[in-house]
Each structure stands twice: as C-alpha cells, then as structure tokens.
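Q: Given these sequences and hints, build the entire structure.
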Amino acid sequence: MAVQLMVLGCLFVSLYTTVKSSDDVTPQKRDPDLKEFLRRNSEIWVYEATRNQVIQCVVDKEITVRETDATFKRYYRQGTGYPFYNLRGEFTTSKIQNNHETQPPFDGMNVYKVDDPLRRFSEEKMLFEGEDGKCGVFLVMEYTNDNTENFYDIRYSGDTISTREKEDCLTFYEATRAG
Numbered sequence: 001m002a003v004q005l006m007v008l009g010c011l012f013v014s015l016y017t018t019v020k021s022s023d024d025v026t027p028q029k030r031d032p033d034l035k036e037f038l039r040r041n042s043e044i045w046v047y048e049a050t051r052n053q054v055i056q057c058v059v060d061k062e063i064t065v066r067e068t069d070a071t072f073k074r075y076y077r078q079g080t081g082y083p084f085y086n087l088r089g090e091f092t093t094s095k096i097q098n099n100h101e102t103q104p105p106f107d108g109m110n111v112y113k114v115d116d117p118l119r120r121f122s123e124e125k126m127l128f129e130g131e132d133g134k135c136g137v138f139l140v141m142e143y144t145n146d147n148t149e150n151f152y153d154i155r156y157s158g159d160t161i162s163t164r165e166k167e168d169c170l171t172f173y174e175a176t177r178a179g
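If you're matching positions, the sequence shown starts at 1 in this note's numbering and goes up one per residue.
There could be a bad hint or two in this list.
Unchecked claim - With a cut-off of at most 20 angstroms between alpha-carbon atoms, the simulated EDC-like pairs for lysine to aspartate or glutamate come out as follows:
| hint | residue 1 | residue 2 |
| --- | --- | --- |
| 1 | K95 | E123 |
| 2 | K95 | D31 |
| 3 | K73 | E62 |
| 4 | K125 | D33 |
It should be emphasised that the hints constitute simulated quantities derived from the structure, not laboratory data.
A: As structure tokens, then:
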C-alpha cells in the first residue's frame, strides 16, 4: 500500500510539474507581415523616426493592397500644406522559403513613385509588428536627392495614434534605436 501511495504521489508531482511548466510558456511571436499590416490599417501614421531631417507629420492613406504590391499616398506636412507622393510598394521577404523569396509573410517592400516607376524611392523593412497588428517598427532606406538616408521609424494605425498605448512596439523601437 505504501508503495502504491508513493507511486501515485510521484505521478501527481510529475503531472503537476508538466501542467505548471506549460502555463509558463510564452507564445512565440509571429513574423512581421507587412502585407497584412497594410491590409488591416487604412491609415498609418509615423509616430517617431530617427531620421536626420525634421518632418513634423507623415501619414500613408488610401492604401490598396494587391497580391504582390500596394499603392498608397504618403502625405508630409510642410508649413500649412500637405504635399504627397503617389507610391507603389512591391512586397519582399527576407525569409527564403522553399527556395523562393516571393512567398508570404512579406516583411518589406521596395517603394517607387507611381510617376517614376524605374527609380526606387525607398526600401522599407518591417522589423517588428505589435501583437494586435496596429503598430510596427521599420528600417527605412530612403533614396532622395541622390542621397541615401537610413533610419528607423515607428508606425501606428490611425485609430490608435492618439492613445500611443502600444508598449510592445515602443519597447522594440527604443531598444533598436539605442543600438
């Protein structure tokens, strides 16, 4: 009888340890998916950037997502006006799956002006996507005025920009910009 109780006790401890350890496992973060981020958010604001020049306000609007690309208008605040570029981004991925670089999830895009489709405007890579898909941290390589500028920015969905409660994105952005 004592042996049976000891065996049952060991089984109970083993089962409890297994169940308890499975509770402590944090879910694996998903890979950033830029295509789905654009599809989910009709308006995307740049909250902050590490770029050298001061730009007060940047927002992407009128976003149309297709299978391999997206078109959108990127507005910049200059004085009292909001000039914009009509842009088209071709989706890219840094992950090679089955020897193909064109399969989802797409974590980047090569961006071109619609009226100048042969000259790349920028490369934008989504480094991190918030758990709810409403914010992201990007590495941007912008090719303007015959110069290349590399910077990080943090972008929010239009319906969350005023709350700024996306701590997971802010934490990743701060760590990334600090190096």
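Q: Run every hint past the structure and note whether it holds.
A: Tested hints:
Straight-line distance between C-alpha atoms of K95 and E123 comes to about 16 angstroms, which keeps the hinted pair within the 20 angstroms bound. Note on K95 and D31: the hinted pairing holds, with a Cα-Cα distance of about 10 angstroms set against a maximum of 20 angstroms. Of the pairs offered as hints, the one joining K73 and E62 holds, with about 6 angstroms between alpha carbons and a cut-off of 20 angstroms not exceeded. Distance check on the hinted pair: K125 and D33 sit about 10 angstroms apart at the alpha-carbon level, within 20 angstroms; holds.
Violated hints are absent here; each numbered hint is respected by the structure.
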